[in-house]
Amino acid sequence: MIAPTDPECWISEYGDELYRYALSLLGRESDAEDAVQETFAAALRSLEGFSGRSSEKTWLFGILKHKIADHLRRESRYWTVDDSGEEGDAFDRFLENGRWARPPSDWGDPERSLENRRFWEVFGECLGHLPVGLARVFSLKVLEERPMEEICAELGISSDNANVRMYRARLSLRECLDRRWFGKDGGRNTGD
Amino acid sequence: MRSMMSCKEVSALVSRSREERVSVLERMKIRLHLTFCEACSRFERQVRFMDRAMKDYVRKDPERGGEAPGLSEEARERIRQALRGRKNQ
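The listed protein sequences derive, respectively, from chains A and B. Going left to right, the first sequence walks through residues 1 to 192 as the working numbering numbers them. Going left to right, the second sequence walks through residues 193 to 281 as the working numbering numbers them.
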């Protein structure tokens, strides 16, 4: 058996899971690899701090989340206005009179999809298609579970700007899920 | 005074209301609009669903595993080296 807290084993035991998680939120392979490496390095430094209260995996994931949040905050400095989406794209979604150009379709009972592995793949892919500055605000908000104002202050963006980003992220994600999942039979027939 | 908002305004407001408190008047306008507009009602439900899914996505990810590619052999080796370096410091 492997010793429970042996840094040499971390890579083989948890490397892939940590990496996939980081990749889903950071979007770039090299960034995800760096985050995993930094996580192990930080864990190694605070090995004594790990008391076994939580599982080793939970502990490592906790460190990784901090690393990811740090990364997103650093990266936010380089978001351009374009990352919040073209001004025009929100307009394309609505007619001149303000009504939906393509009204949202009926998703039935979407909660059923949460049990479906394939749904999560599609969800991850749809997230991946969001412009960087949209997806990151969304991730950070969910990751940190803090008031939006605090996150905005740290990112150096106004709350209006954050609202626009969240709105566009939701519009885009919704369209992608509509197209790739719920619009087809796949969403309703979640038997598999 | 215009009491009915357009779908475009309502959808933006529905989204904003997930992040911050909107005024009582704005909440009433949303309610009123949703009563008559199936498209925006769907949007509102879908927004709530997506927020929840996003939470699950972040939280459950550790248990999901799956077919997504893991660390490459090069990355693995690089991290191993880095860890060794630190350990021996």
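Just to be clear, a hint being listed does not mean it is correct.
Taking lysine-lysine pairs in the DSS-like style, the calculated list, with each CA pair at most 30 Å apart, reads [unchecked claim]:
#, chain 1, residue 1, chain 2, residue 2
1, B, Lys247, A, Lys57
2, B, Lys221, B, Lys247
3, A, Lys67, B, Lys247
4, A, Lys57, A, Lys67
Taking CB as the label site, the calculated pair distances span [claimed, not checked]:
#, chain 1, residue 1, chain 2, residue 2, range
5, B, Gln273, A, Glu150, 35 to 45 Å
6, B, Phe228, A, Ser46, 50 to 60 Å
7, A, Ser46, B, Glu230, 48 to 58 Å
8, B, Glu269, A, Asp109, 45 to 55 Å
9, A, Gly128, B, Ser233, 23 to 33 Å
10, A, Ala42, B, Val214, 19 to 29 Å
11, A, Ala42, B, Glu269, 12 to 22 Å
12, B, Phe228, A, Ser55, 33 to 43 Å
Keep in mind that the hints were calculated from the coordinates and are not lab data. Ideal Cβ positions, reconstructed from N, Cα and C, are used throughout, including at glycine.
Taking the hints in turn, this is what the structure says about them:
no.	hint	verdict
1	Lys247/B x Lys57/A	19 Å, holds
2	Lys221/B x Lys247/B	28 Å, holds
3	Lys67/A x Lys247/B	18 Å, holds
4	Lys57/A x Lys67/A	15 Å, holds
5	Gln273/B x Glu150/A: 35 to 45 Å	38 Å, holds
6	Phe228/B x Ser46/A: 50 to 60 Å	57 Å, holds
7	Ser46/A x Glu230/B: 48 to 58 Å	53 Å, holds
8	Glu269/B x Asp109/A: 45 to 55 Å	46 Å, holds
9	Gly128/A x Ser233/B: 23 to 33 Å	29 Å, holds
10	Ala42/A x Val214/B: 19 to 29 Å	40 Å, violated
11	Ala42/A x Glu269/B: 12 to 22 Å	20 Å, holds
12	Phe228/B x Ser55/A: 33 to 43 Å	51 Å, violated
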